[in-house]
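Undergrad: Using the numbering used here, you'd call the opening residue of the sequence shown number 2 and step up by one each time.
Treat the hints as calculated values from the structure; they're not laboratory data.
Take these hints with a grain of salt, some might be off.
[Unchecked claim] Cut-off 30 Å, straight-line C-alpha distance, at most; resulting in silico cross-link-like pairs (DSS-like, lysine-lysine):
hint, residue 1, residue 2
1, Lys277, Lys324
2, Lys123, Lys183
3, Lys110, Lys123
4, Lys68, Lys123
5, Lys277, Lys305
6, Lys305, Lys123
7, Lys183, Lys52
8, Lys110, Lys68
9, Lys137, Lys52
10, Lys324, Lys276
11, Lys305, Lys183
12, Lys149, Lys183
13, Lys137, Lys183
14, Lys324, Lys305
15, Lys354, Lys277
16, Lys52, Lys77
17, Lys276, Lys305
18, Lys44, Lys354
19, Lys41, Lys52
20, Lys149, Lys123
21, Lys38, Lys137
22, Lys183, Lys44
23, Lys41, Lys77
24, Lys41, Lys68
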Amino acid sequence: MVLTAPHHRGHDFLGCILIIVGVTMGSGLVSMILEEKLAKLSKLVEELSLKGLIIVSESMNRWILGKSLSSFVSVKPDGVRVYVPVLEYTRALDHLSGIRSIEVIAYQKYPLDVPENFNIFKGGLEDLIRREVSVKGAIGCDLSYLGKRMLDILMGRCVDISEDLWAIRASKSQSELEAISKAAEIASRAYLDVVEGIHEGISERELAGDIDRALRRRGSEGYAFPTIVASGPNASYPHAEPSDRVILEGDSVVIDMGAMYMGYVSDMTRMVMGKKIDQEVRRALDAVEDALDRALERISPGVKASEIDEAARSTLERRGYGKYYIHSTGHGVGVEVHEQPLLSRTSQSTLEKGHVITVRTRHIHTPAS
2 MVLTAPHHRG HDFLGCILII VGVTMGSGLV SMILEEKLAK LSKLVEELSL KGLIIVSESM
62 NRWILGKSLS SFVSVKPDGV RVYVPVLEYT RALDHLSGIR SIEVIAYQKY PLDVPENFNI
122 FKGGLEDLIR REVSVKGAIG CDLSYLGKRM LDILMGRCVD ISEDLWAIRA SKSQSELEAI
182 SKAAEIASRA YLDVVEGIHE GISERELAGD IDRALRRRGS EGYAFPTIVA SGPNASYPHA
242 EPSDRVILEG DSVVIDMGAM YMGYVSDMTR MVMGKKIDQE VRRALDAVED ALDRALERIS
302 PGVKASEIDE AARSTLERRG YGKYYIHSTG HGVGVEVHEQ PLLSRTSQST LEKGHVITVR
362 TRHIHTPAS
């Protein structure tokens, strides 16, 4: 399924169409995303003959829990424990109140007077981790994105299962797909709310603010990433930041935006053009239109991600624009805007049912009058 804003077609180098590979969407949002993940993690513990696993990195904790709680998750045969700082304890309890299989524990490094009903572990995060990995037998850990302090504690005490976790994370359940689909819908509606109001004299920063407000009004919990608005010469920068530059007649304006729903995000890029499009710009757009179509034709379960990149890249090379294609063709999307699989020339991934990916292109909007 391709999720785009309606009635916009035409493309240039660096935007995103959201693709859900090999899955038909259902109606209604399944509320038990977290329980599905815990079931997958418990199955992983069993398949790898582990005594348990601990999730320390912020990225993986946010994926599991659907919220940033400065947490540390332990999954063992006797249950799931979520450890949080004292100041996050009540928020974690509220967020996880519907999941009976989870025990929430607050760790308290410094002496504090806390309510008697708090479930407290007296000690810091490092003390907790040392305790969790002290059991006999293999403990699985995610060693990706960890700083030296945590690596020093975990190295040699656990089995790195980062790749296993990323494989689980990349393959979305039906309820995860519906959450991402909703985030994409919110972003598309927010874009349509503001696009016709873009006018000469508005600054990039003002327009970015209008987009952020529209996302919130449409129900976005937050932003997938800081909204990008880039006009004129700034539009050539892949990751521009909105400036005080005023949009002028004839400018090309790139809008890169994403919504968040139930902790899942979307990634959408649009280009707004003036009434007249320069001939050289039109040739470039036509070339990327062709490259996009070739890439989309290759997307299917079982196809290597590198083949999708090659389909787009070889088309641009044939049409004389290869040296300007300095980015990968796409990436996975989920709790974070950049996830596995990566659609690049060197990617080792193969697309599977349930993968959600972007394909980089820019949908072109031209004024109706």
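Undergrad: Are the Cα atoms of Lys324 and Lys276 separated by 30 Å or less?
TA: 28 Å, holds
Undergrad: Do the alpha carbons of Lys276 and Lys305 lie within 30 Å of each other, as the hint requires?
TA: 40 Å, violated
Undergrad: Sort out whether Lys183 lies within 30 Å of Lys137, counting only the CA atoms.
TA: 44 Å, violated
Undergrad: Next pair to validate is Lys277 with Lys324; report whether the Cα-Cα distance is within 30 Å.
TA: Answer holds: Lys277 to Lys324 is near 26 Å, not above 30 Å.
Undergrad: Check the hint pairing Lys110 with Lys68 against an upper bound of 30 Å on the C-alpha distance.
TA: 23 Å, holds
Undergrad: For the pair supplied as a hint, Lys137 and Lys52, is the alpha-carbon distance within the 30 Å limit?
TA: 8 Å, holds
Undergrad: Given the hinted pair Lys277 and Lys305, is their alpha-carbon gap at most 30 Å?
TA: 39 Å, violated
Undergrad: Check the hint pairing Lys52 with Lys77 against an upper bound of 30 Å on the C-alpha distance.
TA: Holds, at roughly 6 Å.
Undergrad: Can you confirm whether the C-alpha distance between Lys123 and Lys183 stays at or below 30 Å?
TA: 41 Å, violated
Undergrad: Holds or violated: Lys41 with Lys68, Cα cutoff 30 Å?
TA: Cα-Cα ~18 Å, so holds.
Undergrad: Take a quick look at whether Lys324 and Lys305 sit within 30 Å of each other, Cα to Cα.
TA: 23 Å, holds
Undergrad: Would you check the hint for Lys41 and Lys77, treating anything up to 30 Å between C-alpha atoms as holding?
TA: Holds, at roughly 13 Å.
When held up to the earlier numbered hints, the structure conflicts with 2, 5, 6, 7, 12, 13, 15 and 17 and fits the remainder.
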